[in-house]
Amino acid sequence: MQLLGKGNVLNPGKAQGALLVLEDALSFWGGFDPQTGRILDDHHPQKGASIRGRVLAMPHSKGSAGTPAGMAESIRKGVGPVAILLRKADVNVTIGAMVAARLYDLHIPVLQVPDPLFAQLVTGQVIAIDPSGHISALDGGTSVIGL
Amino acid sequence: MSAVDLSAAERADLNGENGPLRQFAMSLVVRAAEIWRAPCLIKAGFAHIDACHFNGQAHLDFARMLACGNVRFPIPVWTNTLPVSLLQNDGRADSDPDFVSGAREVAEIYRKLGCRPVWTCAPYQLPGGPGFGDQIIGSESNAVAFYNSVVGARTQKYGDFLDVCCALTGRVPCAGLHRDDGRRGQVEFDLTGLSDALLRHEETCPLIGHIMGERAGSSIPVLRGLPGDTPQDNLKAMAAAAGASGGVAMFHAIGVTPEAPDAEAAYQGGTPEQVHRIIADDLTVAKSSLSTVTSGQLDMVALGTPHFSIHEFRRLAQAIEGQRIHADLRFYVSTARFVADAARAEGLLDPIERAGVEILTDTCTYFSPAVRACRGRVMTNSAKWAFYAPGMLPVKVCFAGLEDCVASAIRGEITLTNRA
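Chains as they are written, first to last, in our numbering: chain A, 834 to 980; chain B, 435 to 854.
In isolation and in its complexed conformation, chain A is listed as follows (with noise of 0.2 Å):
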């Protein structure tokens, strides 16, 4: 396991799995399926990728009154990823893991990622992170979440 640094802590919560690094912003109101993680914006340049059990890097979320009720309903039924890193750090997103934390007991860590290290997430990279942001990368492993 190797550090590879430290995030801004918007939602704490300890989670692993493989890294699904965004070019473009990601709606969680209708951007992808409700029922399996699928990237379904046709605007979207990775429409077809799915979100499910992935660390989600993404520079920010498209802005709807729906997106922390859409982030709540991924995490609750287990469609969403097991964390998110952000460029920007964004109120939406981390309201919608503050909310799914109360209600379900699932913690979905976010992290707001300073732009060096953001820059050095690739795809398929499997990664932990801890409860207080520090981010480590790992040879091989699954998807985990769960404080």
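You may find that some hints are simply not true.
If you want the ones that stay clear, here's a sample from chain B, every Cβ over 10 Å from chain A, calculated [to be verified]:
#1 473
#2 585
#3 635
#4 658
#5 704
#6 731
#7 748
#8 749
#9 756
#10 764
#11 776
#12 825
#13 828
#14 830
#15 852
Between beta-carbon pairs, the in silico distance windows are [as the list claims (entries may be wrong)]:
#16 B/708 <-> A/957: 36 to 44 Å
#17 B/627 <-> A/938: 55 to 63 Å
#18 A/836 <-> B/692: 35 to 43 Å
#19 B/703 <-> A/869: 48 to 56 Å
#20 A/866 <-> B/755: 42 to 50 Å
#21 A/938 <-> B/566: 39 to 47 Å
#22 B/538 <-> A/958: 20 to 28 Å
#23 B/629 <-> A/958: 34 to 42 Å
#24 B/692 <-> A/953: 46 to 54 Å
#25 B/665 <-> A/967: 43 to 51 Å
The following residues of chain B were derived to be distant from chain A, with all beta-carbon distances above 12 Å [claimed, not checked]:
#26 487
#27 508
#28 521
#29 566
#30 609
#31 659
#32 662
#33 681
Please keep in mind that the hints were generated in silico from the structure rather than gathered at the bench. Glycine residues also receive a C-beta, built at the ideal position from the N, C-alpha and C atoms.
Place chain B on chain A using the hints.
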């Protein structure tokens, strides 16, 4: 993250002295304040919440948590549209009974919690709402843009759950559009190249709104050249279009909106970062991008996104009186129950309903199960409807003004005669 300076009362909430739900609510408000780098929280006196709009179990579980906590809102809270109507029975073959019952339970919980059950996306059309300079909590994108721009009330765009948490605590982060410096105009849209006739055409304001959203993103546009007597309905359509195609939460129109008596005020003494000169061709391009069909047999007309106003009912009654829509199509007008009652009292609904038009309250045509069965070609005077619906419903859309929608509904065929 930046530290937020809290008052003794706010700290008491955060420490759990007023119960676990107030503590949870305050923790979300403070987290939002940290992310937006607000130095402190400020009091808000009114909320229009979207969390009452059921769209999955999380909405219901959140509402049940509030119901169990026996909480009360310290400020007036009005409710956004629902995905179903509470007045009309919209249990059509394709509407999932679990969805309808979930939506009704969420609505009932917020009503019992003391919210004013207005169920409208255009709360600013009802009396008794906030006024100029008031700090408020808005969520629905068109209402946020209208309150900030046209009313001069102040709100950020609050997503689901944070809207309720702010309302429960009566506090918002002192950030963004709540602050003077967050309301400075940034990007100019110069309309002085458009003719007066074009500027006064019903289709023009929503098309300009659509263009503003596409080009300004989430920055604050300033319109130069909009007529000073532009009707409120047109500004409503503009706010809705800009909130749909982009993230516009506020715009200024020089000589029209209250914080822009002149350019100096709109830019707070500064200058625009960018100027877009709008010409008639830009409107033509926007119009064609909002219409996936412009001819052929018509299957439905959808008016009232955002909810129809009393003035729009007067226009519709005048345009349709004594006529009858084609038997093969449905014609819906979405509105608030309060506005529907006022229109009925004024005798406006009789000629409209006699013509075959259906009035849909509490909800909107593009997500109500009443309309889910809708297929084929739909006409609307809403750029917001035209922008969203083709992605949500199996329909082709034609954007046009109210009179063209009426004429087409009577013929049963898309007929575009009253073009700008």
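Evaluation of the provided hints:
1. 473: 16 Å, holds
2. 585: Nearest chain A Cβ is 19 Å from residue 585 of chain B, so the label holds.
3. 635: 30 Å, holds
4. 658: 27 Å, holds
5. 704: Holds: least Cβ distance 24 Å, greater than 10 Å.
6. 731: 27 Å, holds
7. 748: 31 Å, holds
8. 749: 29 Å, holds
9. 756: Holds, because the least Cβ-Cβ distance between residue 756 of chain B and chain A comes to about 41 Å, which exceeds 10 Å.
10. 764: Given a closest Cβ separation of 25 Å, the condition holds.
11. 776: At about 27 Å from chain A, residue 776 of chain B clears the 10 Å cut-off, so the statement holds.
12. 825: 7 Å, violated
13. 828: Per Cβ check, residue 828 of chain B is outside 10 Å of chain A; nearest 15 Å; holds.
14. 830: Since the minimum Cβ distance to chain A is about 16 Å, residue 830 of chain B lies beyond 10 Å and the statement holds.
15. 852: 32 Å, holds
16. B/708 <-> A/957: 36 to 44 Å: 39 Å, holds
17. B/627 <-> A/938: 55 to 63 Å: 59 Å, holds
18. A/836 <-> B/692: 35 to 43 Å: 54 Å, violated
19. B/703 <-> A/869: 48 to 56 Å: 52 Å Cβ-Cβ, so the 48 to 56 Å window holds.
20. A/866 <-> B/755: 42 to 50 Å: 46 Å, holds
21. A/938 <-> B/566: 39 to 47 Å: 44 Å, holds
22. B/538 <-> A/958: 20 to 28 Å: 46 Å, violated
23. B/629 <-> A/958: 34 to 42 Å: Because 58 Å falls outside the window, the suggested range is violated.
24. B/692 <-> A/953: 46 to 54 Å: 48 Å, holds
25. B/665 <-> A/967: 43 to 51 Å: Since the Cβ atoms of residue 665 of chain B and residue 967 of chain A sit about 57 Å apart, the hinted range of 43 to 51 Å is violated.
26. 487: 8 Å, violated
27. 508: 20 Å, holds
28. 521: Its Cβ never comes within 12 Å of chain A, the nearest being 23 Å, so this holds.
29. 566: With a cut-off of 12 Å, residue 566 of chain B remains clear of chain A, as the shortest Cβ separation is near 24 Å.
30. 609: 10 Å, violated
31. 659: Given a closest Cβ separation of 29 Å, the condition holds.
32. 662: The claim stands: residue 662 of chain B keeps its Cβ more than 12 Å from every Cβ of chain A (closest is about 32 Å).
33. 681: Non-interface label fails for residue 681 of chain B: nearest chain A Cβ at 5 Å, not farther than 12 Å.
The structure shown violates the earlier hints numbered 12, 18, 22, 23, 25, 26, 30, 33.
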